[in-house]
Amino acid sequence: MKLDINNTPDTIYATLSGRLDTAASSDFSRDMMPMMDDASKHIVLDCSQLEFISSSGLRLLLMLRKQTIAQGGDITIKGVNDAVKQVFTITGFYALFNFE
Amino acid sequence: MIMEESIAAAMDHSELHLVNDLAQLPLMTQWVEEIGERAQLAPGELFNLTLVIEEVVVNVMNYAYGDRTGMPVDLCADFTASGLVVTLSDHGMPFDPTAAQEPDLDLPVEERPIGGLGIMLVNKLTRRVEYARQDDMNVLTLYF
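If you're matching them up, the sequences are chains A and B in order.
By my numbering, the letter at position 6 of the first sequence is numbered 6, and the numbering carries on one by one without gaps.
By my numbering, the letter at position 67 of the second sequence is numbered 67, and the numbering carries on one by one without gaps.
Chain B with its partners taken away, still in its complex shape (with noise of 0.2 Å):
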């Protein structure tokens, strides 16, 4: 009973560790789509888990760390009642992208700013996202 209970919560739970280089991305892409097949996700949900997730991995490693590199990004996700719940750690410095400013899309194509879009993404195709700043980490929490 114990072992069944022990793999059952192995099935409920998955983790992917990567260090800040975008090289790794295709590992990121692979996991996810393990992840939605454990989770039975339907094609649109598989786009929007892996865009989103890329969104916020992306950010991570390109800004969360200066010029250090091989330092950790870390992915966990848990399959709950309620649905996917995906946590995203670093331990770079302080940003919390729920209080990013979302771009304004009023603006003529030739003032666009070319930052900005990923946030809005993640915040549009997510049910909810929560930071804190855990034991010096970014802890960002993406639930779909």
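Just chain A, same shape as in the assembly (with noise of 0.2 Å):
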């Protein structure tokens, strides 16, 4: 797993790739703090490069969208494969992002 996080005045653009699996989401829980702090502003998430996602990184997700809307942001996801894009349609997490 690697997030690389590009934090501009109105929107963050970051890059999440790799595996989101159980081992990797304590490093994306730290990783994704910049995210948490600043969740007021849209986030945009570019997962092209994500190859795999579980339910614990489901679960670090699902905080940073209650985050925005706490925070009045919001988060657009781009890029996910068909693989990732069907773990998201399964658990009903399609209906809490906006996707591209």
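No false leads were mixed into what you were given.
Just some of the chain B residues that point at chain A, by a computed CB distance under 10 Å:
| id | residue |
| --- | --- |
| 1 | L22 |
| 2 | G44 |
| 3 | T50 |
| 4 | L51 |
| 5 | E54 |
| 6 | V58 |
| 7 | P103 |
| 8 | L105 |
| 9 | L107 |
| 10 | P108 |
| 11 | R112 |
| 12 | G116 |
| 13 | L117 |
| 14 | L121 |
Hint data in this document are derived by calculation from the structure and do not stem from the laboratory.
The model shown is predicted, which means the values in this text are computed figures rather than measured ones.
From the three backbone atoms N, C-alpha and C, an ideal C-beta is built for every residue, glycine too.
Make one complex out of these two single chains by using the hints.
So this is what it looks like as structure tokens:
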């Protein structure tokens, strides 16, 4: 798992790549803090290089989504592959985020 | 002939013995990739197999044994004519994940519970799941 964040005045551009499984979730939880702290902004999360996600990763994305609601921001998720999209769909997460 | 049969049997069965420590998850991922290769799964099928096994193993590692460490979490895979069958066993407290209630997907995001997603994925991405309490063990059988 690798998370690159580019924080601009209005928008956070983030790129998530690799595997967001349980083994990676504590690193992601730490690495996503700049987004949690600035969740009043528009967050664009590029997932085109995200290979895998499990419920541990979904939980952290849900925490981030709740934080954006609390702070008045929003999240757009871009470029998820079909297998990852299926996980979002089965769990009802597809309705919780904007997808591009 | 006997030797050939025993080799064939060994090819059709694979086991992995872990303890309840999340640091062992990379071993699990590697094992799942090996059985996926042996079962000649398509990439999407391997994704689903990896996801389901991670969900059930992490659940056992996190909850089955309470505070006790170094406790067994055992996996075995059998390659059958009707598909791959994976069995997960632990000696922890009785827990039937097939009886767990799935979360309500109609709740607004603010009210969404953080848990319960794993079992939903397991139910959707397997053909069948069976639970049994046998000899003080939880035995979960996953049919792919």
